[in-house]
Amino acid sequence: MTLLSQIVFWFFVALTVVSAAVVVFHKRIIYSAFALLFAFFGVAVLYLFLHADFLAAAQVLIYVGGILTLVIFGVFLTAKITTLDIPQLTHQRFLALIPLVLLGLGIFLVFYTVPWPSVQPEITPTTQRIGELLLTRYLVPFELASVLLLAALVGAMRLARHFRQQEGD
Amino acid sequence: MNSLTTYIIISIVLFLLGLLAMMTRKNAISVLMGVELILNSAGLAFVAFGRFVAGNLDGQTAALFIIIVAAAEAAVALAVFLNYYRLKATAEVDKADALRG
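Line by line, the protein sequences are chains P and E.
Residue 261 is where the first sequence starts when you use the working numbering, and the numbers rise one by one after that.
Residue -3 is where the second sequence starts when you use the working numbering, and the numbers rise one by one after that.
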């Protein structure tokens, strides 16, 4: 890898991690929501560095374009203007660090002690091969995903509706 | 730098940050943001393992399904939060204790 691509790589690693930290620690929820945008975008760039071009595009389209918009709508619809400034953290945050550090060390030790086989990474466009996989080997999960999305769509609309109509029944 | 270890460490950091958000945040939307961070870290780990260990596209397909499930989950979760907000006029997860025994 050239020096320039190294600089770009570490820049986006830093962007991802710092944005994720802002999501967790910023006391204003709307700042958290916008920091989430940069975290998702940073992960999309990391997908590009892993030569997962289709996945990076899907990440930008679905996460940044869809989920994040939903989250920001959720923030606006559930927060009063006066509550936007209230500190959002509970009191157990230092207590929460103990299992967190233990869990992180545990995961890293498991990862570090297993001798992973390594293959020579190939660099090819992935979109066509993912499409073929989705319609052959992953056909059942693919169809299940479409049913899941339909159920989530109908269920979310049903849940988010006002309940006044029920009272009239 | 562009090795499996780098990506897995980034993934672990994202996972722990998401878990911290889930444990310490009061607002339900913030908890949802933590869940999204965790799903992203899982996707990153899948793609990294698929590229450096398995050498095929299974990891990328798994990450794609993670994105799909995350979209469905976000839609349903926000619908639930909106209803909850309508009921309680707050989005704090601690106040959702109607089923407490």
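These are calculated hints, taken from the structure and not from any lab test.
Keep in mind that a hint or two might mislead.
[As the list claims (entries may be wrong)] Once the Cα atoms are required to be at most 20 Å apart in a straight line, the calculated DMTMM-like pairs of lysine to aspartate or glutamate come out as:
| no. | chain 1 | residue 1 | chain 2 | residue 2 |
| --- | --- | --- | --- | --- |
| 1 | E | 22 | E | 90 |
| 2 | E | 22 | E | 93 |
| 3 | P | 287 | E | 88 |
| 4 | P | 287 | E | 90 |
| 5 | E | 22 | E | 88 |
Q) Going through the earlier hints one by one, which of them does the structure break, listed in rising order? A) The structure conflicts with no hint, since it agrees with every one listed earlier.
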